[in-house]
Amino acid sequence: MIENGFNRRDFLKVLGWGGTAVALSGCGNTSIEDGKETVVSYVEPTDFMIPSIGVYYNSTCAQCDAGCNIEGRVREGRVLKLEGNPASSINRGKLCGLGQAGVQAHYNPDRLREPLLRNGDKGEAITWEKALTLINEKLNGLKGQEIAFLTGGVSGHVKVLLNNYLDALGSKNHYAYEPVSPSVVRAANKKAYGVEMPRLHLDKAKVIVSFGADFLGAWISPVHFSQQYAQFRKGSRPEGRGILVQIESKMTLTGANADRWIPIRPGTEGILAMGIINALGAGVPADVAAAAKDYTSDRVSDHTGVPAAQIIKLAEVLKANSPSLVLAGSAAEGYVHGSQNAAAIALLNQVLGNVGRTVDASINLQDTRLMPATGNRAALQVLNDNMAQGQFKVLFSFGTNPVYTAPAALKFQENLKKVSFKVAFSHYMDETALQADLVLPLDSALEDWGTSVPEYLVDPYLSIQQPLMENLNPDTHGVGDILLSLLKQRLAEAYKPYDDFYSFLRSAMVLNKAALGGTGTDDDTFWNDTLGNARVKLPATVANLSPRATASTLNLPSPAREIGAYPLRLIPSVSASMRDGRHANLSWLQESPDPLTTVVWDSWVEIHPKTAAKLGIVEGDIVEVTSPNGSVKSQAYLFPGIHPDAVSMPLGYGHEAMGRYAKDTGANVFKILDPAFDKETGELAINETNVRINKIGKRVVIVKEEGPNGGSQLGRKKIAVKVASNKVDLSKEV
Amino acid sequence: MSVSNLLENWSKFRHTHPVEDKGHPDWEAYPSDIKWAMAIDLDACTGCNACSVACYAENNLPVVGKEKYSHGQAMHWMRIERYWDEDNREFPDQGAQFLPMLCQQCEAAPCETVCPVGATNHTEDGLNSQIYNRCIGSRYCSANCPYKVRYFNWYDYPTTENVWPAPMEQQLNPDLTVRGKGVMEKCTFCKQRTYTARNNAKTEGRKIHDGDVQTACQQACPTNAISFGNLFDPESRVAKQWEQQKVELIKEEQEKDVKPGNELRGYRIFEELRPYPSVMYLERVRESDV
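Line order of the protein sequences matches chains S and G.
At position 49 of the first sequence (counting the first as 1) the number is 48 in numbering that gives the first Met the number 0, and the numbers step up by one without a gap.
At position 210 of the second sequence (counting the first as 1) the number is 209 in numbering that gives the first Met the number 0, and the numbers step up by one without a gap.
Honestly, the hints are just simulated from the structure, not real lab data.
Just so it is clear, the structure is predicted and the values come from calculations on it, not from any experiment.
Certain hints may be false.
Part of the chain G face toward chain S, derived, beta carbon under 10 Å [claimed, not checked]:
#1 68
#2 132
#3 171
#4 181
#5 202
#6 231
#7 232
#8 233
#9 243
#10 247
#11 268
#12 285
#13 289
These stretches of chain S come out as covered by chain G in the derived footprint (C-beta under 8 Å, 3 or more residues) [said to hold, decoys possible]:
#14 363-371
#15 410-417
We put the CB at the ideal spot given by N, CA and C, even for glycine.
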């Protein structure tokens with residue numbers, strides 16, 4: 000037994016707690032939260048609770064928007080570990096590091112424990128009753144347009160309640176904002192294929208050419224795509240081992256796994272796509288061929304920096320291996336002309352005949368109310384502008400941290416001050432919660448009820464999130480419960496039948512059981528089955544795919560060569576564990592090395608060794624990265640996988656608040672980004688910031704996993720070994 | 000256990016498979032019908048670190064923080080090493096190489112022979128085990144490990160600030176201990192899981208089936224790069240892979256090394272040192288013609 004930290008008395012307390020807690024989910028049992036700390040003898044065991052045996056309960060991962068189905072191991076009333084649910088069509092029993100760290104989000108020592116009301120610079124603890132009454136008072140007499148709700152991506156029944164609440168207030172101001180979202184690709188897909196999120200079949204492609212789509216790292220549904228990728232790489236499948244080509248200015252995890260990684264001048268991805276179309280030669284529809292006429296390999300090579308021979312080779316490989324799959328990711332879309340890049344890449348897919356084969360129709364749910372409200376940056380812009388004009392009196396925020404993620408140029412924090420009453424639903428005292436007037440502490444994802452529908456739908460399933468243990472803190476509430484309480488203030492009669500969000504959810508599901516495959520079962524059986532599986536099939540249709548990418552509207556600007564005050568292009572990177580920084584306070588993720596640089600517990604500046612030599616920078620030099628909007632300081636890391644005209648820094652670090660692990664760890668790159676936007680969608684053009692780099696005369700030893708020899712194997716033959724594909728027989732491998 | 004008892008029964012406490020007095024083991028006489036082994040496909044591995052996080056969650060590994068990490072005191076039983084090609088090209092245009100590195104559970108483990116107190120030991124199911132309460136912290140084993148996969152508790156992590164601040168200690172897996180200051184620890188092939196699976200099989204009066212047990216890293220791996228099982232069970236996936244790649248446990252040179260043009264890609268790291276590791280790697284494949 001551990002000394003000090005976990006003594007015998009604590010151990011007994013946990014057991015006692017477990018004895019009651021395992022009944023789960025507020026079924027009215029006595030618990031220590033009622034103030035009665037009862038040790039229940041195992042003579043009267045709770046269902047499914049066997050001392051020392053772990054029991055698995057299914058639920059849904061809330062760490063990112065991919066919505067993987069998980070199972071949590073529960074022992075003696077505590078959730079210990081999260082695994083993937085093998086029955087899931089999304090993640091099939093697997094779970095990424097970010098997902099597994101969900102258990103740390105639950106047990107996080109820096110979680111908020113009680114509602115806090117601003118009193119000068121301090122937060123004063125108040126009761127929930129008082130908090131809710133206060134909200135009601137502030138809302139009274141306000142017009143709908145004076146109230147706004149800012150959220151991250153939200154779906155399922157919480158979204159339904161949220162919309163109902165806004166309706167009850169007469170407000171139409173729901174702003175969904177995700178700092179790192181595939182909204183440009185969404186719009187480009189809609190234009191090119193008729194659907195926003197076509198289902199992709201990486202496993203059926205013979206060749207994948209990805210323009211900066213980090214599908215193994217942080218793109219849309221990485222665990223799902225990783226599984227498809229594993230199939231794609233199998234030499235024993237009929238198509239043989241697939242070939243992956245990754246084209247991007249800064250190597251992502253996917254790029255590190257490519258057969259060929261092609262560094263490209265930032266922003267010229269669309270030009271290269273047109274160059275490949277041009278090089279395909281015969282077989283390209285006449286109008287497309289005409290549009291691609293000027294994109295000769297020499298000209299394209301001059302613009303993109305990709306050798307002409309490589310462009311011709313790529314076209315040959317794509318021609319010889321059908322079906323293929325061409326992807327456009329954040330590296331290609333993060334420009335003022337991002338939509339044009341994505342459109343050119345979609346056109347290449349269509350020319351290659353992949354639409355309908357590796358790019359498949361998406362699924363439409365019959366009940367669109369459950370579909371996710373997908374966020375983008377344009378929504379934040381509208382909110383910001385309206386705040387600046389003083390339109391809003393009350394602002395709710397949930398599931399997003401704009402004070403941290405909004406570029407400084409937006410002056411978001413300043414505009415936020417013009418809202419007289421700001422309510423933050425939050426897990427941590429993060430940067431946005433710090434600016435709020437009232438902070439409502441939320442249950443963790445392992446304590447709360449909810450349903451979710453991921454944006455990228457593999458199958459039409461509603462995923463159920465259910466509590467895996469009782470609340471750690473008696474004074475946190477679920478977001479559904481809070482919304483329900485607020486709704487009752489407005490529409491008391493309509494919501495009277497529902498004691499809590501659980502009963503609302505149960506009623507909503509049970510009422511619909513015929514549509515949910517529960518015909519002929521009684522309510523309790525249906526509900527128990529649903530919770531047991533934690534996923535239920537929804538009525539849905541397959542959308543129509545209408546390939547209609549066209550070359551006629553394409554407008555790809557030639558690259559501007561930057562010289563002058565800001566000679567380098569800043570490519571902010573989205574890592575699989577840090578993402579937009581919302582999980583920066585999870586210590587496993589801070590200590591999990593970045594796969595490519597192996598740096599831990601800090602941010603870094605990736606510089607190509609050639610550029611570094613020119614600037615006289617060596618590894619560990621603290622450099623100041625300055626854009627027209629500000630500057631950040633961080634340690635230089637010499638990285639071969641980046642275009643010499645670019646530097647890269649990871650997003651998600653440099654929090655000023657949030658908790659002990661996140662605070663003051665690294666630098667926040669969001670702050671120095673230019674307010675440049677994609678012309679068609681208004682999405683932040685994340686790669687459009689130019690910077691200059693100065694040494695500040697300080698040097699540190701970078702803390703990283705990599706040893707003093709860097710990535711060298713010191714000439715040893717048998718450590719990490721690579722073999723050419725024609726030297727092995729993969730066809731019969733088990 | 001007294002020292003005299005230890006000395007008198009040295010051979011009992013110190014199994015030294017496979018180097019019995021004959022030099023090579025007599026597999027017929029292997030103490031059990033289980034030999035745990037692993038195969039890691041480097042072509043499938045993407046270097047995503049999910050295995051490493053899974054190991055932290057399963058095995059109560061402490062998060063040591065930036066300063067201790069810089070001293071080389073990270074406790075990651077499963078770590079991903081990243082290498083670059085060394086051919087002086089301007090860009091790594093064939094990507095990086097990722098190598099999941101964990102205890103190789105050697106049959107003739109260099110760490111076992113140097114332990115002064117018999118704390119590093121060989122189990123009857125072929126694992127290289129660490130007996131925490133026998134360990135005196137000499138760290139000879141770590142010095143002698145060619146893979147550097149043994150981790151020493153320089154601090155008493157449960158009482159160290161911000162390692163498991165309350166209520167984080169509630170996440171700890173009660174199936175295994177939290178190690179105290181001054182002992183060596185290492186990957187156990189998820190001993191607590193194999194142990195449970197063996198007991199379950201025994202209760203049901205049957206042998207272990209392939210799939211009865213998954214290690215935490217294997218279970219998490221999004222690309223199924225890791226397979227784990229009983230090498231003595233010809234039906235297990237791992238045995239089939241070893242067989243197919245013609246890698247034999249008690250050999251320091253395999254068919255792949257001696258026969259040119261063999262089209263095999265299974266290998267073991269530092270085989271030439273003759274530790275007879277239980278982890279086989281499958282070479283990363285790269286299409287050269289793009």
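Do the hints match the structure? See the list:
1. The closest approach between the C-beta of residue 68/G and any C-beta of chain S is roughly 5 Å, which is under the 10 Å cut-off, so the hint is satisfied.
2. Of the supplied interface hints, the one on residue 132/G is violated, with its beta-carbon coming no nearer than about 13 Å to a beta-carbon of chain S, more than 10 Å.
3. The criterion of a C-beta within 10 Å of any C-beta in chain S is met by residue 171/G, whose closest approach is roughly 8 Å, and the hint holds.
4. For residue 181/G, the shortest C-beta to C-beta distance to chain S is roughly 13 Å, which exceeds 10 Å, and the interface hint is violated.
5. Taking 10 Å as the C-beta cut-off, the interface hint given for residue 202/G is violated, the closest approach to chain S being about 13 Å.
6. The closest approach between the C-beta of residue 231/G and any C-beta of chain S is roughly 17 Å, which is over the 10 Å cut-off, so the hint fails.
7. The criterion of a C-beta within 10 Å of any C-beta in chain S is not met by residue 232/G, whose closest approach is roughly 14 Å, and the hint is violated.
8. With a cut of 10 Å, the hint placing residue 233/G at the interface with chain S is violated, because the nearest CB-to-CB distance is about 12 Å.
9. Below 10 Å, beta-carbon pairs count as interface contacts, and residue 243/G has one with chain S at about 6 Å; its hint therefore holds.
10. At its closest, the beta carbon of residue 247/G sits 16 Å from a beta carbon of chain S; the interface hint therefore is violated under the 10 Å criterion.
11. Given the 10 Å rule on beta carbons, the hint for residue 268/G holds: about 6 Å separates it from the nearest Cβ of chain S.
12. Proximity of residue 285/G to chain S holds as hinted, the smallest CB-CB distance being about 5 Å (cut-off 10 Å).
13. A hinted interface residue such as residue 289/G counts as satisfied when its beta carbon comes closer than 10 Å to some beta carbon of chain S; here the least separation is about 4 Å, so the hint holds.
14. A count of 0 residues in the region 363-371 of chain S with a Cβ less than 8 Å from any Cβ of chain G is obtained; the coverage claim is therefore unmet, three being the minimum.
15. For the region 410-417 of chain S, the assignment as covered by chain G is violated, since 0 residues bring a beta-carbon within under 8 Å of that chain's beta-carbons and 3 are needed.
Checked against the numbered hints listed earlier, the structure breaks hints 2, 4, 5, 6, 7, 8, 10, 14, 15; every other hint is satisfied.
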